[in-house]
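Here the protein sequences come in this chain order: A and B.
Numbering follows this note's numbering, with no gaps: position 129 of the first sequence is 132.
Numbering follows this note's numbering, with no gaps: position 134 of the second sequence is 235.
Bear in mind the hints are in silico, worked out from the structure with no lab data behind them.
Certain hints may be false.
Stated by the list, open to error - A few chain A residues facing chain B, derived, Cβ under 10 Å: (1) 13; (2) 16; (3) 20; (4) 21; (5) 23; (6) 45; (7) 53.
To be verified - The calculated EDC-like cross-link candidates involving lysine to aspartate or glutamate, where the alpha carbons are at most 16 Å apart (straight line), are: (8) A:120 <-> A:105; (9) B:235 <-> A:55; (10) A:57 <-> B:197; (11) A:83 <-> B:229; (12) A:57 <-> B:239; (13) B:248 <-> B:197; (14) A:85 <-> B:229; (15) A:93 <-> A:61; (16) A:85 <-> A:43.
Quick reminder that beta carbons are idealized off the backbone N, C-alpha and C, glycines included.
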Amino acid sequence: MTKGIVFTIEALVALAFFLIAISSIAFVTDQRRENLPLYETVIMNDIFQVLELKYHTEVATFMRTGTVSQELDSYLKFVKEKTGHTVFLKFMRHSYPYSGCDPYFSQKRLIVYYDIKESEVSYFHELTVGLCR
Amino acid sequence: MGKKGLFSIDASVAVIVVLTISILFYSIIQSFMSSLHNLDVRQRTASLIIFSNQIVRNEGAYKTNTETTSNLISMSELNSFISSLQKSNASDYGFDYVELNLSGRSGSVLFSSKSFRETARSETFCIDRFVVIKDLNEEGILRICAK
Numbered sequence: 004m005t006k007g008i009v010f011t012i013e014a015l016v017a018l019a020f021f022l023i024a025i026s027s028i029a030f031v032t033d034q035r036r037e038n039l040p041l042y043e044t045v046i047m048n049d050i051f052q053v054l055e056l057k058y059h060t061e062v063a064t065f066m067r068t069g070t071v072s073q074e075l076d077s078y079l080k081f082v083k084e085k086t087g088h089t090v091f092l093k094f095m096r097h098s099y100p101y102s103g104c105d106p107y108f109s110q111k112r113l114i115v116y117y118d119i120k121e122s123e124v125s126y127f128h129e130l131t132v133g134l135c136r
Numbered sequence: 102m103g104k105k106g107l108f109s110i111d112a113s114v115a116v117i118v119v120l121t122i123s124i125l126f127y128s129i130i131q132s133f134m135s136s137l138h139n140l141d142v143r144q145r146t147a148s149l150i151i152f153s154n155q156i157v158r159n160e161g162a163y164k165t166n167t168e169t170t171s172n173l174i175s176m177s178e179l180n181s182f183i184s185s186l187q188k189s190n191a192s193d194y195g196f197d198y199v200e201l202n203l204s205g206r207s208g209s210v211l212f213s214s215k216s217f218r219e220t221a222r223s224e225t226f227c228i229d230r231f232v233v234i235k236d237l238n239e240e241g242i243l244r245i246c247a248k
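With the rest of the complex left out, here is chain A (with noise of 0.2 Å):
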């Protein structure tokens, strides 16, 4: 083999093989992932396990009417007050709050009420709780 003029070319080979690697490394090291939402999801469990025990009939009438009753406006707004998250409820064109809220975590929870539309009864409804940012 001819040699260049700084190393041999192996010694390029060799050189550029472990840049290579190196990269790699930096690149799959780097890889920014985003958490998982542990807390979120904790938070979120523990909120519906309180309405559901304290507020069902609140929340029921809420699916219901749209209507938020005081004591559950202000177990939100206690909620706010400690987590720096508004909580959010939304079924269907029901939601709440009224506005100002960006969600950016949900859960779809069922909640069992009698209900009755056009004859129709249905017990189980769908309601999205999440975290507005």
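Following the hints, put chain B in place on chain A, whose structure we already have.
Quick look at chain B alone, frame taken from chain A:
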């Protein structure tokens, strides 16, 4: 062959290559150490969530003969759990220090207890769990801290 000055071209390039490799290795080691730390934090966060789930859904929850109600906290159950934790002097989740604080909506602390042994760890992990306090029939927050 390269021309020779104070240093040969080969020697100068070799020095640059060695320096570059050293910097790269340093970055890799730094990145590795940072990953290990992040992994530890993530593992402890996950452990704390599971540990707090255990308290909120089972150990501290209100029980009847047939059912346990998740997030409905009974202070007597919490007391009994913390005393068992103090007797065992450890938690199964790798925490040496556990602190529980139950406060109502008004912010008044209704229950506060610690279970600990000597630990060199300084980083404390805390989580707030929204609950209903059975004894008062009031909403509250159970803050669980561990290290």
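Contradicted hints - numbers only: Structure breaks hints 1, 2, 3, 5, 8, 10.
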